[in-house]
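One-letter residues, chain by chain:
Protein chains: 4
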Amino acid sequence: MPIPAPNLYPPFNIIRLSHAVFGVKDLAASRAFYVDTLGLQVTDEDEEHIFLRAMEERGHHSLVLRKDETSEIRSLAFKLFDEGELDKAHDWFKSKGHRVEWVERAYQGRTLRTHDCFGMPIELYFQMDRLPPIHQQYALYNGVKPLRIDHFNCFAQDVDTAVDFYNEMGFRVTEYTEDEETGRLWAAWTHRKGGVHDIAFTNGLGPRLHHTAFWVPTPLNIIDLCDLMATTGYVANIERGPGRHGISNAFFLYILDPDGHRIEIYCSDFQTVDPDLEPIKWDLKDPQRQTLWGAPAPRSWFEHGSIFQDVEPVESDLAATPIIAP
Amino acid sequence: MPIPAPNLYPPFNIIRLSHAVFGVKDLAASRAFYVDTLGLQVTDEDEEHIFLRAMEERGHHSLVLRKDETSEIRSLAFKLFDEGELDKAHDWFKSKGHRVEWVERAYQGRTLRTHDCFGMPIELYFQMDRLPPIHQQYALYNGVKPLRIDHFNCFAQDVDTAVDFYNEMGFRVTEYTEDEETGRLWAAWTHRKGGVHDIAFTNGLGPRLHHTAFWVPTPLNIIDLCDLMATTGYVANIERGPGRHGISNAFFLYILDPDGHRIEIYCSDFQTVDPDLEPIKWDLKDPQRQTLWGAPAPRSWFEHGSIFQDVEPVESDLAATPIIAP
Amino acid sequence: MPIPAPNLYPPFNIIRLSHAVFGVKDLAASRAFYVDTLGLQVTDEDEEHIFLRAMEERGHHSLVLRKDETSEIRSLAFKLFDEGELDKAHDWFKSKGHRVEWVERAYQGRTLRTHDCFGMPIELYFQMDRLPPIHQQYALYNGVKPLRIDHFNCFAQDVDTAVDFYNEMGFRVTEYTEDEETGRLWAAWTHRKGGVHDIAFTNGLGPRLHHTAFWVPTPLNIIDLCDLMATTGYVANIERGPGRHGISNAFFLYILDPDGHRIEIYCSDFQTVDPDLEPIKWDLKDPQRQTLWGAPAPRSWFEHGSIFQDVEPVESDLAATPIIAP
Amino acid sequence: MPIPAPNLYPPFNIIRLSHAVFGVKDLAASRAFYVDTLGLQVTDEDEEHIFLRAMEERGHHSLVLRKDETSEIRSLAFKLFDEGELDKAHDWFKSKGHRVEWVERAYQGRTLRTHDCFGMPIELYFQMDRLPPIHQQYALYNGVKPLRIDHFNCFAQDVDTAVDFYNEMGFRVTEYTEDEETGRLWAAWTHRKGGVHDIAFTNGLGPRLHHTAFWVPTPLNIIDLCDLMATTGYVANIERGPGRHGISNAFFLYILDPDGHRIEIYCSDFQTVDPDLEPIKWDLKDPQRQTLWGAPAPRSWFEHGSIFQDVEPVESDLAATPIIAP
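Residue numbers (this note's numbering), protein chains in the order written: chain A, 3 to 328; chain B, 3 to 328; chain C, 3 to 328; chain D, 3 to 328.
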């Protein structure tokens, strides 16, 4: 039985995913993509950084772009319930033998930098500068009208191990794909905030970041984004979709930023706050788990991901590419 | 300062609102409304009851219709985290001197019946029969395509008192209307599950149930419902909307069932899981708090509500009707 | 029988409504409304004029704003099939004893200025400068994403007379409201281009322009416009809607420009190209003819209209205001 | 120069495409597809036929299913302006040496059966039984909520010849694809009723019917249909899309009926009533002409089509498959 029982009393309380820090080679090109095309709002910027938030977020940033020589991911960050939980997190990671470090992060309170079971850099904090609401300043809405960051999806070289580790931290599995032949997990979606996922794992060369997702109002906003990207020089950046996922039931689009970081535009999954919510199991051989409507994902979608800084990814011992519909 | 600090460590853990039990005079008429028109799914029915769930719910029921001589509300129910929390709730209500009673409820585990600060009947449970997912059985989708119950809204004769009481139970205020002249609360929206509200209170003859809301996919489903109701004999049951609320930013429609119970069809509010989320304050004199687009609500919307069984409502000592735009 | 048989072989061939020329007192205020808020595209402008087109139009203009001391309408214009039809139109109006005049109009070929049966100024032309398509330049889409001008609606002091006159010109009635008591027409919708109307007439102090309509992609664009107007200082300019008309079955919103000219945002009527299409009759006492969902229009909607330059409107001998739902 | 000047004064007046007659092997299977899944309305049926109309059509049928041993197309039909035009059509086809025949067709007046330049069977009539409007009986709307038939698309072994022939009949080209190397037409879209096309031609083994299109309200209805088909056993019948066409700018989905007849679900093209509308030219090498967003069509889409009864298709002398994006 591959899915552990949900850990309803975790050692510390993670509220939700919070933000990612992306290395990007050309801040202006990234700004054109994230601000002018997707419609994220700049909350601060200088020669080295752009801080972005989506329309309903009151925290200072949900995406940080950092000018760099390479396009590596610096960290994935999570918000904790309060300062006490942050200290508990520190002690827990330390007790596990993970590297722990208190770091300074602009616009954030005390921040713990550590890593997960694969060395993937994660940062935990409880306090971030709060900004006035802008969700009713409709003149600011632009592009795909992004409302909030929704989830991370990571390649993992061993999804069973990932799920065990994140389950210990209280992430609850909502859906998963099992390889019927080996009985091993192929992919799993785990949440803290009451949606289908805050972070998901899929089998492959890992750890790498597969994508970061933003929630948008309706499928029509995704269609609008396709029209916009197709006619403003970004047609080659549309990688997959739009379509409906089997897993999560969400309406999706996958696009690539100028550095190749994959962004999912996402809406319409379901509420998962019940502690007794039963995970939904999918068979690796069912192509509708990926796209309910049957269209296959392109090969790049299974293979391409973003590297984490200073973390060498490792091959999975399961085959690296799932059955793709012909 | 009218809003109490959020109680982040409440005496017991309510997960979310769960369901309501409505007295209805004519089950067939109610079935035509809720099943054939709105699209709720029947999970059980007999001569005396109809149990209903919405499309993404896995609990057995989110609305129970009970044939009765009168159209009174029997209870509003909430789901607790686990059995331990249910016992804690029992003790807390008892310690407050509230009537507490263990009751049998079909398809539910141990259920506590008690009442709130105004005598409004509430029921708490932790376990309900779980049903297989149907959210991807698209052939079942019908009417407004209701996805899940979203919130209750109640008239309260004293909103300050209501907020204090529910805040003690851990309901966090997300938005509120203050009467600038008296400094008293006119209305407040409070949540457990991470949306704008699980339960809201508005000033008036109370306690009475103002409405019960169901979440739907997009505003277009609400437009579809208007078209359907307008051409199937329900045009007089469309009371207000569709429109955008200022408070909650949600897209809404208010309709009346055959017994006069008000249902809100609702989508597009925002995520509120952050424990440090700042409540948004609205002025009673700002008509956009009700309808962002400026259209006034009809008088019935301020005056009409459903009675709770065996609970005599009491006049508020604030004026009973707010400023209505001309 | 109030509706004349359709005149399938009219004396000249009008293709469609083309454009209106509005007097406006403050070009900058009008520009903020039509360009920045609605999303019409400027095709030319100077100190005295702004020429506008919608996104799928290839003719140079469908709305001309002309700086003026008063907010009067200068003309409503129609496009003819070719030059021969224009000469036939000239002769027909002249033979009727109507004033006819060849006028110079920027970006247009030979233009005939004349008037209808009530003295309402109309202009006819066959050739206008053609512009490159922009309907796939999605970065230009803005506001309500207006696609094309759809129709004019005019107050007429005698709708029977209006319908007879326009029917002679080949406008075909698609829907109409009859006052059952008098057997007279209350309102009528007449078309040339294959939709529900190019021009409609409604009983009242006339001739005056009731509104000019633009077609938009979907009801969601209308919701977006409401959100935008409500939060950018235009909330008082939202007069009626959004909603579904009974007549035309279109989804609508009525807004007022800074001079009080009424604009309808409109989509989803039906195709009417069949010459044997039966007009749909509505009873004046049926409130769903106006709003299928039952919501009444505000009094201003029945009373307010724009004056045509140098044309004194005349009271109708039918009552000036129809039955309004309470 | 491949596009002929529009023939604005054709020998007879075709109003619009009207209907198709499909041979189908299993009426029950076809009924499940067209009625239960797509939502077309049955206007008559017996052991041998099902007559269907879409929601806003008042003519008796826009699709006729005829039980047969083979899945061949019996005819494509067009509606003429009046009886005089029908006689003119008869004489014109006869003068061209085409076979002409007056045939009896249920629910239609006098009907001319003839064929186009490739022998493709076409039928012309001016009168069909008119049915009461149902476009406001919203309880009948189902499936993709089809509003009306929009166009036919045919494989032609020689698109230049097709365009010349249909242009003679007054079909006006709105968009076309030219093979830059040979200067020959690859595909062309031609209309009568004021949209992008009533009939289009694409290079290939011809004549064959590529698809028949129905117009629907919005892209969301197309998404709903995908969800429905994907979960009711029709996932393999979803062939291509949804997406935006470059040509026509329409939002589309291609599906296959149980006999392999291809249906396009279509919305959002543009109005083309101006006689001086300039055709838009696309280069065969531009993949965005097919899908604005860049996704390639599957090979089947270029190769599969429906045979016309008793018409042997002929290979094109241009290559049979265009450049497909990798």
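Source of the hints: derived by calculation from the structure; they are not laboratory data. It is possible that some hints are incorrect.
20 Å max Cα-Cα, derived EDC-like pairs, lysine to aspartate or glutamate [claimed, not checked]:
| # | chain 1 | residue 1 | chain 2 | residue 2 |
| --- | --- | --- | --- | --- |
| 1 | B | K195 | A | D84 |
| 2 | C | K283 | D | E170 |
| 3 | A | K195 | B | E280 |
| 4 | B | K195 | A | D278 |
| 5 | C | K283 | C | E182 |
| 6 | D | K195 | D | D312 |
| 7 | C | K90 | D | E58 |
| 8 | B | K287 | B | D84 |
| 9 | C | K96 | D | D276 |
| 10 | C | K195 | C | E49 |
| 11 | B | K195 | A | E58 |
| 12 | A | K195 | B | D162 |
| 13 | A | K69 | B | E280 |
| 14 | D | K195 | C | E182 |
| 15 | C | K96 | D | D278 |
| 16 | C | K195 | D | D162 |
| 17 | D | K287 | D | D118 |
| 18 | D | K195 | C | D278 |
| 19 | A | K96 | B | E280 |
| 20 | A | K283 | B | E280 |
To see whether the hints hold, each was checked on the structure:
1. Taking the CA atoms of B:K195 and A:D84, the gap is about 18 Å. The hint holds against a cut of 20 Å.
2. Taking the CA atoms of C:K283 and D:E170, the gap is near 39 Å; set against the 20 Å cutoff, the hint is violated.
3. Pair hint A:K195 plus B:E280 holds up; C-alpha atoms about 18 Å apart against a cutoff of 20 Å.
4. Distance restraint check for B:K195 and A:D278: the Cα-Cα separation of roughly 15 Å lies within the 20 Å cut-off, and the hinted pair is therefore satisfied.
5. A distance of roughly 11 Å separates the Cα atoms of C:K283 and C:E182; the hinted pair therefore holds under the 20 Å criterion.
6. This hinted pair does not check out: D:K195 and D:D312 have alpha carbons roughly 29 Å apart, beyond 20 Å.
7. Between C:K90 and D:E58 the CA atoms are separated by roughly 35 Å; this puts the pair beyond 20 Å, and the hint is violated.
8. For the hint pairing B:K287 with B:D84, the CA-to-CA distance comes to about 43 Å; that exceeds 20 Å, so the pair is violated.
9. Taking the CA atoms of C:K96 and D:D276, the gap is about 26 Å. The hint is violated against a cut of 20 Å.
10. Taking the CA atoms of C:K195 and C:E49, the gap is near 34 Å; set against the 20 Å cutoff, the hint is violated.
11. With a C-alpha separation of about 17 Å, the suggested pairing of B:K195 with A:E58 holds against the 20 Å cut-off.
12. A C-alpha spacing of about 29 Å is found between A:K195 and B:D162, which places the hinted pair above 20 Å, so the restraint is violated.
13. For the proposed pair A:K69 and B:E280, the alpha carbon gap of about 32 Å is over 20 Å, so the pair is violated.
14. Pair hint D:K195 plus C:E182 does not hold up; C-alpha atoms about 35 Å apart against a cutoff of 20 Å.
15. This hinted pair does not check out: C:K96 and D:D278 have alpha carbons roughly 27 Å apart, beyond 20 Å.
16. A threshold of 20 Å between alpha carbons decides the hint, and for C:K195 with D:D162 the separation of about 29 Å lies outside it, so the pair is violated.
17. Only pairs whose Cα atoms come within 20 Å are accepted, and D:K287 paired with D:D118 is rejected, the gap being roughly 29 Å.
18. Note on D:K195 and C:D278: the hinted pairing holds, with a Cα-Cα distance of about 15 Å set against a maximum of 20 Å.
19. Taking the CA atoms of A:K96 and B:E280, the gap is near 33 Å; set against the 20 Å cutoff, the hint is violated.
20. For a cut-off of 20 Å, the pair hint linking A:K283 to B:E280 is broken: about 38 Å separates their Cα positions.
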